[in-house]
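Participant: Each chain, written out:
Protein chains: 4
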Amino acid sequence: MEAILDAENQIETWQEVTLVYNAALKQMNTRLEILNDEFQHVHQYNPIEHIKSRIKTPESIVKKLKRHGYESTIENMVNYVNDIAGVRIICSFSSDIYRIAEMIRLQNDIRVVAVKDYIRQPKPSGYKSYHMLVTVPVFLSDKTVDVKVEIQIRTVAMDFWASLEHKINYKFEGKAPEYVKTELVECAQMVSALDSRMQGLNEEIKKIEESAQNWPQT
Amino acid sequence: MEAILDAENQIETWQEVTLVYNAALKQMNTRLEILNDEFQHVHQYNPIEHIKSRIKTPESIVKKLKRHGYESTIENMVNYVNDIAGVRIICSFSSDIYRIAEMIRLQNDIRVVAVKDYIRQPKPSGYKSYHMLVTVPVFLSDKTVDVKVEIQIRTVAMDFWASLEHKINYKFEGKAPEYVKTELVECAQMVSALDSRMQGLNEEIKKIEESAQNWPQT
Amino acid sequence: MEAILDAENQIETWQEVTLVYNAALKQMNTRLEILNDEFQHVHQYNPIEHIKSRIKTPESIVKKLKRHGYESTIENMVNYVNDIAGVRIICSFSSDIYRIAEMIRLQNDIRVVAVKDYIRQPKPSGYKSYHMLVTVPVFLSDKTVDVKVEIQIRTVAMDFWASLEHKINYKFEGKAPEYVKTELVECAQMVSALDSRMQGLNEEIKKIEESAQNWPQT
Amino acid sequence: MEAILDAENQIETWQEVTLVYNAALKQMNTRLEILNDEFQHVHQYNPIEHIKSRIKTPESIVKKLKRHGYESTIENMVNYVNDIAGVRIICSFSSDIYRIAEMIRLQNDIRVVAVKDYIRQPKPSGYKSYHMLVTVPVFLSDKTVDVKVEIQIRTVAMDFWASLEHKINYKFEGKAPEYVKTELVECAQMVSALDSRMQGLNEEIKKIEESAQNWPQT
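Taken in order, these protein sequences are the chains called A, B, C and D.
The first sequence: position 150 = 150 (our numbering), numbered continuously.
Converting from the second sequence to our numbering requires adding 1000 to each position, the first position being numbered 1.
Converting from the third sequence to our numbering requires adding 2000 to each position, the first position being numbered 1.
Converting from the fourth sequence to our numbering requires adding 3000 to each position, the first position being numbered 1.
Be a bit skeptical, because a hint or two may be false.
[As the list claims (entries may be wrong)] Straight line, CA to CA, 25 Å or less: simulated DSS-like cross-link-like pairs of lysine-lysine:
| # | chain 1 | residue 1 | chain 2 | residue 2 |
| --- | --- | --- | --- | --- |
| 1 | C | LYS2063 | C | LYS2143 |
| 2 | A | LYS64 | A | LYS207 |
| 3 | B | LYS1206 | A | LYS171 |
| 4 | A | LYS207 | B | LYS1207 |
| 5 | B | LYS1171 | A | LYS206 |
| 6 | A | LYS175 | B | LYS1207 |
| 7 | D | LYS3026 | A | LYS143 |
If you are wondering where the hints come from, they were derived from the structure by calculation, not from laboratory data.
The task is simple: from the sequences and hints, build the whole structure.
Facilitator: The following block contains the structure:
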């Protein structure tokens, strides 16, 4: 909890908050780029398809605090809103998700605060994604602050589904008609089936390739 | 054919080819960004999810010329290799594909040379994508050259499938085992089913929204 | 005047203005990048050191209209504020300035509306820079609009001076103490002297190089 | 010396070298961006005008090793070539140079290995610039490597001069005619005089501003 308290004591104004969380996003993006380059160099394969990052708007932060019964103060925000800085990593196959999560976990100055594995345990809506709450050190001119960043890792198909779900939630403010919800759940099942078939095919190819290399060359 | 002959007469060295096709890609990307911004402004919606662009490597160009029985000359390259400059546009729904194609067609200095609609008529492999061969004017210091650019438009799901197919073709040099090909065709069907369900859901939401706006406000 | 009237009739809201001028800046930047790449290819030399571009803020636009006695309407803005979209090109030597201006002038769909050569005729403050007011065509989905862009071309040394002058004007709102103004004028003279010495040296080197190539190789 | 030995033991191939030094440049650029944003937030002023970074080409590395009598091995390269990864920071005033150097020095995981202050003690050629050799930690998937980066900090005017000097050295391979060298030295003196006048003027304005704020508001 130290890092979080740390930030709480040291960040005072909204502008400073934006500055510090933006810096954390920049640091995180640079880290991920470096890991992706290294992976490409070692395995001739990019686990990361692309990355998006965003700072939560002041409106959304205030809304979230209200929903959870907190006053809108910088302190509450830094303590209770975990996704002020958010990074979304999109990859091709589910197996990449755990590979990327592992690479992040092994970085020795990044601290994993919490993990929610919505791949193994999808939400009732059908939502699948791997969430990590981490802290990353940000080096300011006179201090180092550990800043919380929420990382979401998912496949392209999961991301496509999640965009549509988000749009629906936004439009109906969470109260979508029952048949729309049912349809969404069924689409999520199709996404999972497709991801699993495609990953199976990808692994099949690797196997053929490896066994080919084991044959004696005559 | 004028634009193409034009280019043939005016481009002389490999370095100049790279320069001119790179310039065409830059022009095309700028055009698409502007159209996307405008669409976002008018419809509050980005039809384009993301864009990738690439110049064909000299090795691939030479291979393609050889395959079609042409000598490796600048002239043959400019005349017979249509995808030296390639732009890939990824969007969320199939309906976006035709919307983007139409926007490109309406640009009054872009000339559409050929269209292949692999969405309505997929390849036997299961490949789906909308291909346009266009020319875009590139303004050099002393002349204007119309340069060929191949545009591929597809959904995220089609793109995911196409990446795996490309990998398989590359590894087996076109001679993948029969059961791998069959599996790929079945995955393509799942992609189409998913795209169609997701697009149906997206249209359903729009309809609910519109009918809500038509109700008298009491 | 047609292009300008054109824009006036077709642009209606502030958001649309921003959209269109931003598109014009993107187009202009792409054009300049292409010209710079071409120049580098032909002459093994980049005339452009770097480029900055900006959209004038609504506040500055309103201020400028007021200063000239116009009401704050979209129409007045499009007609009377010429630097809503501004591009600044920084180069190494004064000779590059005229070379770049010439390359822009030769682009056959860019129209030069006006030129102010503050290099040959510096402002009393000591300000030196080459200004071009041009229109560049922007291709929207259903129409093409010629949009005004102000281009300022200057050397790194002139740009350094101009930044400090801008800061002084901003702080003293145009009413700087007399001795500050005098000091600025003297600095401008040093800038000119330095630019001229450096350019002279650059030309000297080219001459030595050329004469070396003309010697018989024995 | 530990960091350097560290790298030597852990980096084995040229591709890995490129990977690691590129990662170091990315890290360093991100750090500097964050420091610049923070400075802008606290002082309403950007000390950094712009940043350039580059990896030394294999050819230049081999040349440098040869010049110093070393064999071309990865080990020698990592140990004896300090500027494989180079960052150049350009700022407006000489006073910014020391401010930036101080901010870098205070970063608690960056180690300053060596400093050469060619501002206080210019080279005989007239060259002025502030050089720092630092190590920055790069987090790879299974280890952290401290990588050497050479940082050069200079004003826009010094940078302009240094570009021309570099061009001259490159063309004449270090053997420029005597009068060209003399001319360069005199230009360097003009650069220093201009920088000092401009910085004086900048400080003058700050003083006027501060004394204005101290006046009683009546």
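Participant: Would you mind marking each hint as holding or not holding in the structure?
Facilitator: A quick look at each hint next to the structure:
1. LYS2063/C x LYS2143/C: violated (31 Å)
2. LYS64/A x LYS207/A: Given that 25 Å is the threshold and the Cα spacing comes to 48 Å, the pair is violated.
3. LYS1206/B x LYS171/A: holds (10 Å)
4. LYS207/A x LYS1207/B: Status violated; Cα separation ~47 Å.
5. LYS1171/B x LYS206/A: holds (10 Å)
6. LYS175/A x LYS1207/B: With a Cα-Cα distance of about 16 Å, the restraint between LYS175/A and LYS1207/B holds, given a limit of 25 Å.
7. LYS3026/D x LYS143/A: Judged against 25 Å, a Cα distance of about 21 Å means the pair holds.
This entry does not satisfy hints 1, 2 and 4, going by the numbered hints stated previously.
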